[in-house]
Amino acid sequence: MSILSLILFYLLYPSFFITVIFPGAIFALILLLLMIWFERKAAAFVQMRYGPLYASKRLGGALQLIADAIKYAISEIIIPNGVNPTLYALAPMLLITFAFIPIAVIPVSRIPISGSILSKYFLAFYDPDIKSGLYVGYFVPFNLLLALGLASSYSVFVLLTAWVTNNRFALIGAVREAFLSVSYDVLIVMSALALALEYHTLDIAKIVQSGIPGFIANPIAGVVFFIGVIMGTSRFPFEIVEADTEVVMGPYTEYTGLLYVITMGASYIGTYSFALLYSDLFLGGWAPFSGLPGAVWMTFKAVLVLAFSVFLRSVYGRYRIDQAIRGSWKYVLPAALASIILGLVVGWLWIR
Amino acid sequence: MSSRPSEITISAEGMEVEIIPVEGEINVGPQHPGSGHMRIYVKVNGDIIEDVDMDVGYVHRAVEKLSEIRTYMQIIPLVERPAILDSINMNLGYIMAVEKIMGVEVPERAQYLRSFAAEVNRIASHLYGTGILAIFLGHSTGYMWGFGDREVWVEILQALTGARLTNSYIIPGGVRRDLTPTIKEMTLKAIAYQRKRMAEWRRIFLNNPNIRDRLENVGVMSKENAIKWGAAGPNLRGSGVNYDVRKAEPYAAYDKLDFEVQVYKEGDGYARTLVRFGEIEQSLNMLEQIIKEIPEGPILADRFFKMIPPARVKKWWDGMRRVVFPGYFASFRPPKGEAITRVEASRGELVYYVVSDGSATPYRLRMITPSYRSIYVFKQLCKGSRYPDLVSIYGSLDYFPPEADR
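Sequence lines, in order, name chains A and F. With my numbering applied, the first sequence closes on residue 352, and no number is skipped along the way. With my numbering applied, the second sequence closes on residue 406, and no number is skipped along the way.
Hints are computed from structural coordinates only; laboratory data are not their basis. For glycine and all other residues, C-beta sits at the position ideal for the given N, C-alpha and C. Don't take every hint at face value.
[To be verified] Dumping the calculated DSBU-like pairs for lysine-lysine here, alpha-carbon to alpha-carbon at most 35 Å:
{"no.": "1", "chain 1": "F", "residue 1": "196", "chain 2": "A", "residue 2": "41"}
{"no.": "2", "chain 1": "F", "residue 1": "228", "chain 2": "F", "residue 2": "65"}
{"no.": "3", "chain 1": "A", "residue 1": "330", "chain 2": "F", "residue 2": "189"}
{"no.": "4", "chain 1": "A", "residue 1": "57", "chain 2": "F", "residue 2": "65"}
[As the list claims (entries may be wrong)] Listed next, the stretches of chain F that the computed footprint assigns to chain A, with coverage defined by at least 3 CB atoms under 8 Å from CB atoms of chain A:
{"no.": "5", "segment": "130-139"}
{"no.": "6", "segment": "175-189"}
{"no.": "7", "segment": "386-398"}
[As the list claims (entries may be wrong)] Residues from chain F that keep clear of chain A, each with C-beta distances beyond 10 Å, as calculated:
{"no.": "8", "residue": "102"}
{"no.": "9", "residue": "159"}
{"no.": "10", "residue": "322"}
Using the sequences and the hints, build the whole thing.
This is the structure in structure tokens:
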């Protein structure tokens, strides 16, 4: 084995490639900038303006976001009096980490036994459920459960961020997040449970490999899951936790400079990791491709979901916290229950 | 943040846990995205507002005191400053009071032009208010649309008066510039554009379920309360009181114009927003009527027009349809007397009380602005509502701090 193929072996090794390069950290960072650019451009299109333009006219102002990122990165970080500096700096990092971690366990593609550049990892990432290799950062047979569990820990760190900054607006934001997290976690878990019952598995790969996208098999669950995601990651119309005219910036009120960018990025990354999950569960994931093209196809669908959820900003305002909670328990929860029943019926009659 | 009297501290084995009571105070402003130029001291119990203290006065400009040392013409730009986006109406009320003291007859064409400018200004101001309401509710499209559509009307004001915001268009005895065919054409185009946009506004803002949820049954003001608390303008009409100064005590050309007073009886934030939208549509109708019916003639009272030197009349009035100030305006002394006038500004009834002691400056100028009257309404409406509704009520009242502080 030559040195070149050795490098290639370690570079494409799923645990490294997925988490660090694609669709993980590096891609997520580029996507984060592109998504904020898209959000601003799409909103500008609706709102009869240009949006970012002058930083690079030929690229439609895409470099504006890089300029913004540099500006934020080198601006001063002001640590308020009376806070614990260590926790103050640590909280946003934990936040973005836990927004990101689910990507490690979400299957990105299938590894065919031969013919792909990834085929050499076939045995190391063998998934007995689909009788094929699985291109995933860390393989566990119950990866649906693990991904949801990791994703739901995100709100704990929102609370931590608010708590360490000792600000009244932050505390209100934290309380709102605490109320909301109960509501949206239930929705997300129930709609995922509906799919698990429907496909008789807790392995995301098996859901994808069944060949029937979850949205066709169970559209109610698809809608409920999406509502849960935009609620959970503070997208409009549920941008309640960081409602700027009400609670300034919610839990992130006291953050400045780079730490603020991290908190802001965390919510996008959170949406992105949910979007990857959504792409797998409801939009057919990598099927019918496999190997790297499958990963690109699956990520592309996730990016569409992410783009749609950030586009909602130009259509909706924000709901009140009590309206959001009432809506989620009164209207969406029955829908989630219906999706479970639908999942049971369809799983019993159609999907084996 | 500094004092928390009812705070409980639990300490166990060196670990201290602070429990913040559900009752507390929040300082909204003066540096807060949802406060405007004031501090709102909110006492909350959980999510419910128990009481609100308005700490106003951050943009106080002492307009009333300053006008005691300014000549009558210098006061025109001064009274506009409190509400620059409603400057025609601010200007109009003051000039009407001065004219009452002096006993000036205003020519017909100038009356129509005053109504024209006032209605253009009303549309612009209502769009501004809607934009602010939209961003308070997090609806950025409404915000941008409000400011974008307002631009069209500000451009017309610019073409007519020469200034975008502080127009100083109305002078004792008439107006400064005439309506030219170009401006007529611009206005007709703008009317067509705005009519088309109103349908789009309804689709994305008024009929948006999210916006309706935020405004309906929020800040409900009954008819009795609206009268008792002294609400003015669209806020009053949103509570079912049919009162509009333009109908009750017509000034300018409003007695000759055909329009309906917008009244909604619900009294909530949504009704107030609907009143504003209805008024924009009425203003569009009125502008059409004015363009159609405006009579020919002078735009300045004869008594002042004769004072302008003939050479200047030839150059400015015959050539450009503008009037230049006669030297008399530099420091005229109206006779002793006092006058009170009311106009329907964009945010409601605007009252001017001017006392002249025969000198070149008024003895006293009192202005009661509609936003000033909204302060108490705002305070009362917030009681018992939810904390997120603070901004919803604020926006739906179209409360404008500089106008209230004067």
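Here's how the hints hold up against the structure:
{"no.": "1", "hint": "196(F) - 41(A)", "verdict": "holds (24 Å)"}
{"no.": "2", "hint": "228(F) - 65(F)", "verdict": "holds (29 Å)"}
{"no.": "3", "hint": "330(A) - 189(F)", "verdict": "violated (48 Å)"}
{"no.": "4", "hint": "57(A) - 65(F)", "verdict": "violated (51 Å)"}
{"no.": "5", "hint": "130-139", "verdict": "holds (count 6)"}
{"no.": "6", "hint": "175-189", "verdict": "violated (count 0)"}
{"no.": "7", "hint": "386-398", "verdict": "holds (count 6)"}
{"no.": "8", "hint": "102", "verdict": "holds (46 Å)"}
{"no.": "9", "hint": "159", "verdict": "holds (21 Å)"}
{"no.": "10", "hint": "322", "verdict": "holds (33 Å)"}
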